[in-house]
Every structure is written in C-alpha cells, then in structure tokens.
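Visitor: Can you build the whole structure from these sequences, using the hints too?
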Amino acid sequence: MKVLMFGWEFPPHITGGLGTASYGLTKGLVKHDVDIIFVVPKAYGDEDQRAVRIVNGSDVPVNYKNKEIQEFWNKLTYLEIGSNIMPYIDPEDFEKLHEDHGKTVKEKEHIILGEKYSFSGKYGKNLMEEVARYALVGASIAQQYDFDIIHAHDWLTYSAGIAAQQISGKPLVVHMHATEYDRSGEGRVNSEVFNLEQAGMRQADLVIPVSDLTRNTVINKYGIDASKVVTVHNAIEPVEQEDLNIKKSVKEKVVTFLGRLTFQKGPEYFVEAAKKILEKDDNVRFVMAGNGDMMNQLIRRVAELKIADKFHFTGFLKGEDVDKMFLLSDVFVMPSVSEPFGLVPLEAMRSNVPVVISKQSGVAEVLNHAFKVDFWDIDSMADAIYGLLHYKSLSNTFIREGKKEVENLKWEHAAQKIKELYAQTLNQ
Amino acid sequence: MRSISFYFQVHQPYRIKKYRFFNMGNDHHYFDEYLNKTIIQRVAEKNYLPMNQLLLELIQKHGKDFKVSFSITGMAIEQFEQYAPEVLDSFKRLADTGNVEFLAETYAHSLVSLNDAGEFKRQVKMHQKKIKEVFGVKTVTFRNTELVYSDDIGAAVADMGFKTMLTEGAKHILGWKSPNYLYKHPYKKTLKLLLKNFSLSDDIAFRFSSQDWGEWPLTTDKYLHWLKQIKPEEEVVNLYMDYETFGEHQWAESGIFDFMRVLPGKIIEDGEFTFNTPSELSKKLKPVSDLHVPNPISWADEERDLSAWLGNEMQDEAFEKLNSMIPQMQKCKDKQLNADWLKLQTSDHFYYMCTKWFADGDVHEYFNPYASPFEAFINYMNVLSDFKIRLDAYSQKSKKKVKSIKK
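The listed protein sequences derive, respectively, from chains A and B. Position one of the first sequence corresponds to residue 267 (this note's numbering), numbered consecutively onward. Position one of the second sequence corresponds to residue 122 (this note's numbering), numbered consecutively onward.
Hints should not be assumed to be uniformly reliable.
Under the rule of at most 27 Å between Cα atoms (straight-line distance), these lysine-lysine pairs were calculated in the DSS-like manner [as the list claims (entries may be wrong)]:
#, chain 1, residue 1, chain 2, residue 2
1, B, Lys-259, B, Lys-405
2, B, Lys-138, A, Lys-658
3, B, Lys-442, A, Lys-519
4, A, Lys-625, B, Lys-477
5, A, Lys-514, A, Lys-542
Just so you know, these hints were derived from the structure itself, not from any lab. If you're wondering where the values come from, they're calculated on a predicted model, not measured in any experiment.
Guide: Here it is, written out as structure tokens:
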C-alpha cells in the first residue's frame, strides 16, 4: 500500500506535537509494510529519511499553465482579497464572489510568484497564503506520483489533501491532531481556520481524531457525520535513556508545567494550585517551562500571590533541555482546558515522572497511572500534587506502572489500526 | 441427616469525606455523615428490613426447623443506632426467636488480626460486649473480617475462648478435600473450623441474576437438586454470604426474595438436610481432620487471599502508618480519638485502594465513594496525617501531665 502523506512539520524542526506524532505514525506504518511519501512545505535536509521518503514542498515545481492545475485552482477558489484569504467555498459561491469583486482568475495568477515557492515552513504572517500554495503543490504531486490513498495532518494541509484527492481521484483521509475549537475556545475561533478544518473533514472519506474527546468535538461542533469518524489514539516512541548527568541543584521538590503559556493549556490553574500547596508546604518549587501570550499575565499573578521566590519561568525548552527538565522534576502537571491528545505527559512518564493531568484531555483516555482531575478543580489538583510529593508509595506506583503503560503505547499499534482503516476505506 | 448452615455478614463502614491536605491540622471531622446516612437508610429499605421480615416469617412458619446466623459489625450497629434504629429493632426480634446465632468479630471490621495480638483481642472483646448489650446474647462462635484466617489467627481466637470459627473453603488450602465437613485447628484442638462452600454460596450471592450464567434462572428445585447431588457422606453445606445480597447486590426484581421465601420450606420438606447454626454444628459433627493454613486466606476475589486489601504498595504504606500508631493508642484515653481510631481501622478503606482490576470494577465498586484507588489512598493518608497530628499533641500533653505529677 502506498500513502501520500501531507504534513507541516517533521522532526527535528518542530514546534509542537504535530511533527512528533507524524513522525511516530509514519515509522509505525512502515513497520506494517506501508510505503509513505511524506510531503512537508520545507524540508531542511536533516530529517530522518531511513524509513520514509520526504518530499520538500519548496522543491516541487507547479506548472500553472497546466490545464488540470488551472481547473483545480478554479474549483479550489482561494481568493486573495487584500491580505485576507477566503476559505474553500462552493463553485457557485465562488462564481458569485468572483463577479462581486470583479477579479478574474487570470489576475489571481499574477499573485503567484514563479514556478517554485519557498515555504517558510513556519506559522508566520502569510500563513494562509502558504496554505493555499501548498494546495497547488499537492495538486502537482498528485499528478506526478503513484499512490493508493492520501493522508493529511491538520488544517494546514487539508487543502493540499483535497487538491490531491480531486486530481487523482484517490480517497482522502484527514487526521485531526488539534482543532481550532480547542485552541481558541467557544465563541473565539478564527473562522478561516475553522472553515478550512470543516471543509477538509467534509471532503474526506475518513476522519481520524486523536481521541474520543476530539471525536466528540468533530461530530458536535463541526457537524461531521459520525460514521466516518474513527478515533486512533496517539502513541509515543520509546527512546534510549541517555545518561544525562543531571543533579538537582535545589533541595526542594520540583513541580513542572511544560507547554505553551496560552488559554488552551490552562497555565493559570497551575499557578493557583501552586499557591495552595505553598501555603502548607514551602519545600516545593514550581517551574513553568514554555512561552506564550499569557506569559506576562502569569508573571504578574505569581507576584501578586507572593510566591515569586518559589516560581521559575524558563521560556521555551526543546530537545535535550526538555529531557533535563524531566530529570529534575518530581511531579509533572498538565492542566489543559481542552487537549486533543497531549504527548508531553507521556514523555514525562517515559522519564520516570509521575503526572497529574486534566480529564479534559485525549491522553486521559489511554492512561491508568496518571492522576486525573478536572482542569478547573484546583483543590483536587493541589491535593494530587501534594499526595505525589509526600506519599512515597503513590509516586513509586505511578513511576513504575506509568513507565510500563507508556512502553505499551506503541505507534505500531496505532499504525496497525490505521492500516486497517485504509483498507476499509479503499474497499468502499 | 446432613446440615445446611446459612451465615450472613452485616457491615457498613464509616466512609470518609473528601479530605484535602490543606484541611490537615484544622478539620478533625473525617466522615461523610450525609453519605453514610443515605446509604444506611437506602440499604435498610432495600435489604435489611425486607429480608429480616422474610426470615422472621420463615421462622414463624417453620419454627425450630429453620435457623440462620449473623455477624453484625460494631460499625454497622453504631450506624443503625444513629440513622436507622428500626433495623436494630428488627434484628432484635430475630434474636428473640432463639433461632438466630450471632457471631463475634472485631468491632471495627478491621485487619488488626494480622499484626497486633493485643489490639485484636481488645477489638473482639469490645464487639462481644456490644452484642451482649444490644441483643442480650453471648457470642461463642467467631468469624474474622472477610473470613480472613490463618493458623496463627485461629490460635489467637482459640485462646480467647471461642470454640468455633468460620472461614473460606479456599481451593489452595483444601486441595482435594471438600469444604463440606467440620475441621479443626492443627494444634489448638478446641477450635473447630467451618468452611464456606463457595460454589453454592456464590451461586446465590453473585450469579443469581446474571443472565450470562448457564444456569440462569436459578430455581429452588434446581438448587435443592444440586444440594442433594453432594456426596452422601459429606456432612454440611456452609452457605456464607454478604447480607446485601438480598435486595442490593441482587435486586428484588431478580426474584431473590421469592427464591429465599420458598427454598427453606422445600429443603425442610425434602427431609435430607436440617438447618443448623455454627455452634450446633460444632457439637453435632466430629472434625474429620486438621486444616493447615500457613498463610492467610479470605473470601475475597478469585485469589481468596489478602490481595484485595494489602496487595499493593499504597495499601502497605497506609496499613503501616495506621499500625505505627498502635503503641500510642494503647495509652490514649481520649474518647474522640478512640472513636475515630476504630472507624479508620475498617478494612473497606484499604479495599478502595485496590488496583487489581482496572478494567472491571464490579463488586468492588459497590458503594465505593472514590473514582480511583489513588484518590482513595490520598484521601485516607491525608486523614491519617491529621489523626497523627492530634494523637501526637495528645501524647505530648499527657507526657507533660505525667511529668508534672511526678514532680
């Protein structure tokens, strides 16, 4: 079986879980004899290509004179009006808009510069433009390569997936690692992104969310037909534990939060729980490892609560620094408001750290030895952290059994399930 | 003639409320009164009252031909006194018939028999006293918490003057032997042992309403037939179960009450079996051999051992912390501390911390106030920490008193 896969990031150049999950999944699928062509907007050349063929989107020439591409562009209807890109709409609506704004497709073509486009591969100001161009890349690739099924990861790649589907006629599978709804919350979604997500899922033959939590969001908030939505939980790669010679420099226990300092991750609840603990036990230090739009507000709150001397902001950590952070931690906390899955607690458990996670996360669905609390329930959160810090048998149990659990969450199992879903989809 | 012996366990723990670490040092009220009261009253309505009534009617109908035995824990009696005195009255009416034997156990339904002989004896004496007070009877037969038994425990019980003790007919102890005989303790010759026939007991207690069961529905004719199929030389069938079987574990709709209403009559009419109490059996039968139980057994789960309460690290830590306070408690005269101490000993608290069945749940979930064994553990440990703080403060104070008196 050959799969054409569209991603946006690939290790080591990642900013979040998407790249890690994509990588793990492809390795797992390859173990089950699936051939994968993995397309990223920008490849750096240092990606692990032992298992998977990486195609650099920036290297793919798009022949805009090509009739098929033109037709696709017409159908796709990405209109750039000023700096706003309108998301996927019906051909009829497109006609209407096209008349309304008096722009022609030909004029549109002028905006596209050259045959090859150098993607930034990041999440910058002209992200929407990059998403649109990626769609054309997808169309070109679909013309050139041979494959049985298309698999697109998250909204950034959905247009490319749709393009490939329409050009090749092969079925499209879309993978939901994170939803705009989760990222921004009720009433605050970016409608461009939301609509792209919805369009991709509607066009797809199969939707794979990473948890039942996300599956419910997809069905209820995006209105997608439940019969084509099948959960496949993420997994985690086992790693060789290197002997990082880390000695804790402080005598206190260390409780860690690692993630973006933004609404979705619930950092403020971590701060409030910290206060409750420090009132009873000052032999603890709290670490917030990450960066984000809530950073300043959190720093102010910590000062207001007069716990700044026990609180540390490290900024964004990656690579080896993350592993070092885990080695120094006694408890890891993930108070996410809405987490489609949540790979970081698995990484913590893999590093022998007991975890406290929010019930509103996908990863809670697959773990037993993790303390689960409602994200808003600061009392329970503090109680759980305190218990893990003070009752040895509890933390020992979590560390030992948690490690075993994580070792069983193999990408091969997830990949097996996905391979079966591919087969079912192809048979329809 | 062969015998059938019905024994019912009546127990309710004092369940702990949600107790956070930041309550330690300030809040000394540990128990969820509202929850415990609600449960007592509900079980009274669904189980205790209707089943007691049913047994009373059977005794009135069959007279001396129908007998049963109970063990009612100190924890249950106290809660009946507080929340459902009519239940205690109905048990008293049963006591007055003379057809019911009441057994002795630890007052707190605790696991203390495993670790402290002195505390074990104290709790048993306390229970005997309570039973005498409430029902006017002296207890001569013993059953330990959840039928936990070992040679050592049996020896301690024999030394307290008991003649008969109940325990589980566990396969790994019996081997090829049958539970349907009277046995005796290997070196305390005065102690006779009666073993639960778990197969026939569990048919009623667990499988009765299970439609997946090959033998569902269980009729009285079928059950009597099974009883009669037991080898003719086997002398007794001990049917031991949780009293909550009748109306709670097995709901009224399952037909359990109708079954029990008819079964004794059918057995009596058939004539092959008589109903006897444990102390009667101890006199009537001759022990067929010694029973060696080097490691503790119980009536819990498939394993029939202690793993439901003391199988994992957390249970061990909690149990150890609890036991570490025994020396101090022996010198403690404070009424409130003693009352709380007993309530914290109940085996249920450890039961809730069991991690054996993450997938299942089932019977262990029944009335379990916790969502996970970890929450149960943290909650209990927080409470123990506060208790320890109070106990230490008391010990300090009484040391000072002693010092000042000595001066």
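Visitor: Find the hints from earlier in the document that the structure breaks and name them by number, from lowest to highest.
Guide: none
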